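**Q** The listed protein sequences correspond, in order, to chains A, B and C. Residue numbers for the first sequence follow this note's numbering, so the first one is 99 and each next one is one higher. Residue numbers for the second sequence follow this note's numbering, so the first one is 99 and each next one is one higher. Residue numbers for the third sequence follow this note's numbering, so the first one is 99 and each next one is one higher.
Hint data in this document are derived by calculation from the structure and do not stem from the laboratory. If you're wondering where the values come from, they're calculated on a predicted model, not measured in any experiment.
The calculated DSS-like cross-link candidates involving lysine-lysine, where the alpha carbons are at most 27 Å apart (straight line), are:
(1) Lys135/C <-> Lys123/B
(2) Lys292/A <-> Lys405/A
(3) Lys135/B <-> Lys135/A
(4) Lys404/B <-> Lys135/C
(5) Lys135/B <-> Lys135/C
(6) Lys266/B <-> Lys323/B
(7) Lys405/A <-> Lys135/B
(8) Lys350/A <-> Lys187/B
(9) Lys404/A <-> Lys135/B
(10) Lys361/C <-> Lys263/C
(11) Lys361/A <-> Lys350/A
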Amino acid sequence: MKHFLSLQEIQSLPSWVSEAVELKKDPYRDHALGRGKVLCLLFFNNSLRTRLSTQKAALHLGMEVMVMNFGSEGWLLEYEDGTIMDQGKAEHVREAAQVIAQYCDIVGIRAFAGLKDRKTDEAEQTLTAFARYAGIPVVNLESSVGHPLQALADAITIAEHNTRKRPKIVLSWAPHPRPLPHAVANSFVEMMKKQDVEFVITNPEGYDLNPEIRQGITVEHDQAKAMEGADFVYTKNWSSFTDYGQVINQDKNWMVTMEKLGKARFMHCLPVRRNVVVEDAVLNSPQSLVLAQANNRTYSAQLVLKKLLQQL
Amino acid sequence: MKHFLSLQEIQSLPSWVSEAVELKKDPYRDHALGRGKVLCLLFFNNSLRTRLSTQKAALHLGMEVMVMNFGSEGWLLEYEDGTIMDQGKAEHVREAAQVIAQYCDIVGIRAFAGLKDRKTDEAEQTLTAFARYAGIPVVNLESSVGHPLQALADAITIAEHNTRKRPKIVLSWAPHPRPLPHAVANSFVEMMKKQDVEFVITNPEGYDLNPEIRQGITVEHDQAKAMEGADFVYTKNWSSFTDYGQVINQDKNWMVTMEKLGKARFMHCLPVRRNVVVEDAVLNSPQSLVLAQANNRTYSAQLVLKKLLQQL
Amino acid sequence: MKHFLSLQEIQSLPSWVSEAVELKKDPYRDHALGRGKVLCLLFFNNSLRTRLSTQKAALHLGMEVMVMNFGSEGWLLEYEDGTIMDQGKAEHVREAAQVIAQYCDIVGIRAFAGLKDRKTDEAEQTLTAFARYAGIPVVNLESSVGHPLQALADAITIAEHNTRKRPKIVLSWAPHPRPLPHAVANSFVEMMKKQDVEFVITNPEGYDLNPEIRQGITVEHDQAKAMEGADFVYTKNWSSFTDYGQVINQDKNWMVTMEKLGKARFMHCLPVRRNVVVEDAVLNSPQSLVLAQANNRTYSAQLVLKKLLQQL
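So that you can see chain A by itself, here it is in the shape it has in the complex:
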């Protein structure tokens, strides 16, 4: 594994999950591994869980961390080749990536989808450019189209709470006032494909995810039907993919309630809007796994960093 850009890096999910579960038992066991190694975290967007959990993971591994809010602290980056840079952008990513790589050993990058143009978002220009030019391992801290550290944390959480041989897992769209990226949903779907589970996606018409990503997965537009007998219900809003980046529907009937949930466990990547995406009762109940998911962000990051450190 040269970088951790997407879930394609995970060959055997069960072995990754069991290794993460082992890490949790003794988080400082690899403290010597990161000694003298520097992790640089570049945030092009806001962050709470990713910011803190990735730092925590690095501390467990004995690494030093340098955090940079790129937007407010650095220079606006140009990504296109051959441009005449006489407008607002002061530095080309070619220089920025190569320079930063000289100051650290691994670089983590968060750069959300702009949701204005699908092609632009799918090009994942920030992540791709750093991976191309940096020459050091790059970790995806949520890009335009994927959030693999979240999906890995989710897989660990499911493994820790699953009691059935082949659980039924439902990914349900939920209403939200603002247009949100597809990254979390995409990565969750890709993660489900790596496991022997019964997996269904449910969303209103017009909200079907990227066909390439949901290929082979049942999409059910009747939420109640989809949730029947579910063991885990993962809820997340995303904007339309067809009508790219638009909020075409805020149907409140899609909010997850205790009644809909039944005996299933509730999952969400956070932050979550209470009583819009999911009712209070669900989050306050022991069926909610959202805190366990957030806690596992530390260990999914730690596992990825550990594997990258081992190959330095």
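Assemble chains B and C onto chain A, guided by the hints.
**A** The following block gives chains B and C in isolation, referenced to the frame of chain A:
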């Protein structure tokens, strides 16, 4: 002591002060205590002294520190229960607090008064909510109604410079162009109540502090009379409490001068506006203790963190 | 050396350069030197290279680092003495500098030129005030009129790549859409004066640098003539000094191209605007030293911090 939210945590001030003075002599003596422990500092408002001194204290104790400017780096928080979160706030403090608590061992929080509504400020929603939900020790880095780490640093400073058995200490209001919170003044008053001193508050009519806090304390509206024979003059602006959060008077005659000060020591929590709150000559004279106070911020924070670490 | 404010601190450039080259071979050799020492980095302006390379240097030396974006995280500073501070500025630099000095052992400061008033910029108020009041070593991380850590990194880079006894080095102005400070150019000129090189400055009429700084140096207004037979071409935009801070000319003919460069090495401090300051082909060619320069920022900072630590 579960948290350090207010001065109520201090049972015996003399023993706290003497312990802090001891710490100063050998700041690294408890360096092993914080090993593998993480302090998270959340700033909802600007900070210089608190930001740096608390980090320094943590370094002395061997802790790791993660600093987060919550406003610009994280998500806008909802504090009310039962709200339908379809407006600007993306995350509920219930989730934020519980999540952050999983990434660290102690959390420090700065959240100033909004000065718009007294009830809201007195509810101290940020501090209270974190203390309620985080499940780990919470340290007040200045809240709506109190700044106990400052008051503790002030007590240490007075102890180091006092030469009399029962010194006379005056808290004097001073003019300021903008409305300021009551937190520093409140905590200083509460700290004075814990000591055997002659304590007087002086301020113009209309600027009397919260009656509950100044209960039992002499309030003198004649500044000259109040300052007579003072050993320490603590100066601070605060907005009106009655006419909540308003600047009802900027009377320049209340500025502290060398003439008024006499032989007393001058104290202020900083930042201070020169020639508005206090004249240059005072700050430039050896009678000023403002730098000693700022320095003691490191040791007041260190003492609090040490006590919390010992109970983890 | 009490502070590192300018290149005047460097008595013997060759010995500094060879010491830096030695440091690069074993960056952690002085790791014990910084133990228990704290470096505080105060940014009044944006930064990428300086921010990360100086942190990296401190890590090599075993120091702890506290980074503060002064503008957004602290209080607006007053620099004038005797002012009545009843406007926007909340704290005087006298207090800020003395307070910060109590929390750290060395302080680094970045404060760019405002380019509005020459006298103001030449006064270097931020750097000068901290050096005057802090009482601890102050390091210039780029001030109004100089960027000595960059110039030192440049000198190291030239030493590493020079093959001639007395190389010809050209500092060439280049076009840029926005008015830029003179700091980098000034320090490069001053650094050249410390070496036995053939040095020429070339810029359009109206862009001659400060006469005091370029005293004794040939200024050639014909770029082609200046670059003839050059071994190193250092390119940088700066605004007019005579018509202070103005962009009086954006002549595209001054952009550096492969054709102009010939066999010379290309240097720039970064960030650089591609196809405005220099064409893509130059930056993408092996003749470009910009990454080597950026990498040497770590070692120029490390050398300066090491020398300051040795004198604490």
